[in-house]
Amino acid sequence: MRRRTFLAAALATTPLAAGCSTDSGSTTAGSRGRTTLAYGIWDPAQVPGMQQIIKAFERANPDISVEIQLTPWSSYWTTLRTAMRGGTAPDVFWMNAVNIQLYASNGVLEPLSSHIRQDRTPVGRHPKALRDIYAYDGRQYGLPKDFDTVGLWYNKALFDKAGVPYPDESWTWDDVRDAAHELTDPRTRVYGIAAEMDRQTKFYPTIFGAGGQVLREGRSGFADERAIEGLRFWTDLVDRGWSPPQSAMSEVRARNLYLSEQVAMNYDLSAMASFMYGTPAIKDHGGVAVLPKGRERATVIHGLANVISAKSRKKQAAWKFVDFMARHEAAEIQAKGGVTISSYAGTQDAWLKSMPEFDLQVFIDMLDDAAPYPSSRNTAVWEDLEYLLLGAPFSGKGGVERAARTLAEQMDRALDEEEN
Amino acid sequence: MAVFPSTAAAEAEGRIRKPRTRAGRDDATRGPNSRTQKAAYVFIAPIGLGFLVFYIWPMIQTFGYSFTDFGPFGGNTWIGGDNYARVLQDVTVWRAIGNTLLYGAIGLVTLPLSIAVAALLNRRGLRGVGVYRALYFIPFVTLPVAVGLVWNWLYNGNFGLLNEVLSWFGMSRHFWASDPSSALWAIGLVAVWQSVGYYLIIFIAGIKGIPQDYYEAAELDGAGPVRRFFTITLPLLSPSIFFAAVICVINSLQMFDLIYVMMSPTNPALGSTQSVVSLFYQWAFQQNNQGAAAALAFLLMLLTAALTFLQFRLQKRWVHYA
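Top line first, the protein sequences correspond to chains A and B. Its first residue numbered 1281, the first sequence is counted upward by one per residue in the numbering used here. Its first residue numbered 290, the second sequence is counted upward by one per residue in the numbering used here.
Derived by calculation from the structure, the hints in this document are not laboratory data. All of these numbers come straight from a predicted model, not from anything done at the bench. Incorrect hints may have been included.
Restricting the straight-line Cα-Cα distance to at most 25 Å, the calculated cross-link-like pairs of lysine to any residue (SDA-like) are [said to hold, decoys possible]:
| hint | chain 1 | residue 1 | chain 2 | residue 2 |
| --- | --- | --- | --- | --- |
| 1 | A | Lys1591 | B | Gly360 |
| 2 | A | Lys1591 | B | Val430 |
| 3 | A | Lys1677 | B | Lys497 |
| 4 | B | Lys497 | B | Ser527 |
| 5 | A | Lys1677 | B | His463 |
| 6 | A | Lys1591 | B | Gln575 |
| 7 | A | Lys1591 | B | Thr366 |
| 8 | A | Lys1591 | B | Phe359 |
Over 12 Å on every C-beta distance to chain B, these chain A residues come out as not near it, computed from the model [said to hold, decoys possible]:
| hint | residue |
| --- | --- |
| 9 | Ser1393 |
| 10 | Lys1563 |
| 11 | Asp1629 |
Every residue, glycine too, gets a C-beta built ideally from N, C-alpha and C.
Build out the structure end to end from the sequences listed, making use of the hints.
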């Protein structure tokens, strides 16, 4: 398939190369009239959507063609790093919050700020918290394409059975606790809520909701009282038996427990909506609400961005493509695909309407309370520490406070090492 | 005594030059077999080159990397022994080494098990031997990923078959692969289960190599099957056991795939099951710290070499070469 695209491109190039060798579009390395960009992505589910966007882009820029390089998630980052070392990395590729600073700080990404100013790319139409993730040292390195926020998914059938009113925007953490208590039924092995040890969907939102921070000015925020309060929200639920312990949920993810109606409430991503929509029982009696308030209402936002390799020899064309992807037309196409929420303001309607049974608007509403997904230069190191150290408290073994303080110490050490 | 003293003396004095042609020298120094030898080198060249390129060279490179701060996108900087200092001071490393040695100890259980099964399968007049051997061998040729996934379901705390069976005897549910107290044993058991078939082949071959005369003589002297096993089979099998023990320890020290498959990153038992190689993977490919990971890999090599050396020293005490 890749070969076929390559052949097609080659065939299309030949007459052009013969006819217009003095073509003015010689800013690109090929300068034979047509430039082929490699676009690195990892999600097979998004390939059709990306291909539609590429088609639209190629129509607008007949001298550029784009070829998708799909690498599975499990090997995406190792492959990319090796390709970067060898100089064979794709010109444009997907970036996430965990890796952006590592790449930006090592100078392997093209800074986009001047391009953005020059071409008036409508970056303001993308959520600020999301843009911030992809800015490093005052410069923008990536343009967001989609986003994820977290909402409270609940099972209406289980709520009805227990006689508990559905969650709404008035809910606080106390309401969650009360409901979890009411909904837990040991006889049928139904739990009120899933207090899974998961940073993005569970403890980051509650740490922010308690007024805490994961990272504050380059130091760990985990030892902070507020952060511990956010963690304890979950470990309490396990201790009281209103959630399965982490040992159970490392074997069957909370998401699957929710889908099989074994937990009544679950904090989960907007990106999972289509997945839930595909499960008949949940489509019929699943609902979603904004996250309940702790000290404040908060969620974490994450989304992917398109970045340009600093080693690309076709930067001009690559910029044209990245710019195109950050504009209205591309966002509209992506939203219709229904896989992810486009980050471009006002293009989410198609996604919202694609699943009328769910009140997906809550995910857009949560944007105002969204904190960017925390990351540093070598995020993966302390992210590993989180799960290693919090496993015991999340399994009902207690000691969340001590675990959080140890985590903070070790995380600070890891952050110190980043500086060198 | 020189046969042609005049020539030898002339040569020594440099009066006569020895012919310097290639063939002449070869013939003189290596004898008439040189052509066969050359052919031999040509034939082993492919595997030899492969060995050099894919084993020896990476080993040298890894050793070199262990002294560098490995830039994620190139630009390695020499930092001397810092990586080694870091590795030796890290608590998780010592924990991983402890776990790895425990895997090794559990792995050794495979040997008596396989010997017992091999002895049983070698009984005269046993029907369907081929079927049994195949059954024992299948786990070994199954992909470790598939093995890990299947056992994860068997161990599952919510609806695993193991808990189901144990509940018939009144035992309560347990998260075998997610509880820090049992997870390492659970994984070790799978490794044992998986490798019995391999050692079985070695031991069956070893037992087949023992001359029947010994058994007949022992039988005439009135030795029962148990006595025959301990006084004939076991001692004469000791070279095979020694070989298997060396291989088994090396394999157990390299424990990785089952841990990778069976332990999700959010598993609370992860820390208590991590082996040196899985820690290496985490450092090198998840935390972008190839320098320290290379140092860790090199330490593992030293550990493996030391244990193997020890085994070779100890073999003199218990291995009988008949």
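Status of each hint after checking the structure:
For the hint linking Lys1591 of chain A to Gly360 of chain B, the alpha-carbon distance of about 16 Å falls within 25 Å, and the restraint holds. Straight-line distance between C-alpha atoms of Lys1591 of chain A and Val430 of chain B comes to about 44 Å, which puts the hinted pair past the 25 Å bound. A distance of roughly 54 Å separates the Cα atoms of Lys1677 of chain A and Lys497 of chain B; the hinted pair therefore is violated under the 25 Å criterion. Proximity of Lys497 of chain B to Ser527 of chain B is assessed by CA-CA distance (about 13 Å); at most 25 Å being required, the pair is judged to hold.
For the hint pairing Lys1677 of chain A with His463 of chain B, the CA-to-CA distance comes to about 15 Å; that is within 25 Å, so the pair holds. Simply put, Lys1591 of chain A and Gln575 of chain B have alpha-carbon atoms about 23 Å apart, close enough for the 25 Å limit, and the pair holds. For the given pair, Lys1591 of chain A sits about 21 Å from Thr366 of chain B by alpha-carbon distance, which is consistent with the 25 Å threshold. A threshold of 25 Å between alpha carbons decides the hint, and for Lys1591 of chain A with Phe359 of chain B the separation of about 20 Å falls inside it, so the pair holds.
No beta-carbon of chain B comes within 12 Å of the beta-carbon of Ser1393 of chain A; the shortest separation is about 21 Å. Every CB of chain B lies more than 12 Å from the CB of Lys1563 of chain A, the least distance being 24 Å, so the non-interface label holds. No beta-carbon of chain B comes within 12 Å of the beta-carbon of Asp1629 of chain A; the shortest separation is about 35 Å.
In this structure, the earlier hints numbered 2, 3 are contradicted, and the remaining ones agree with it.
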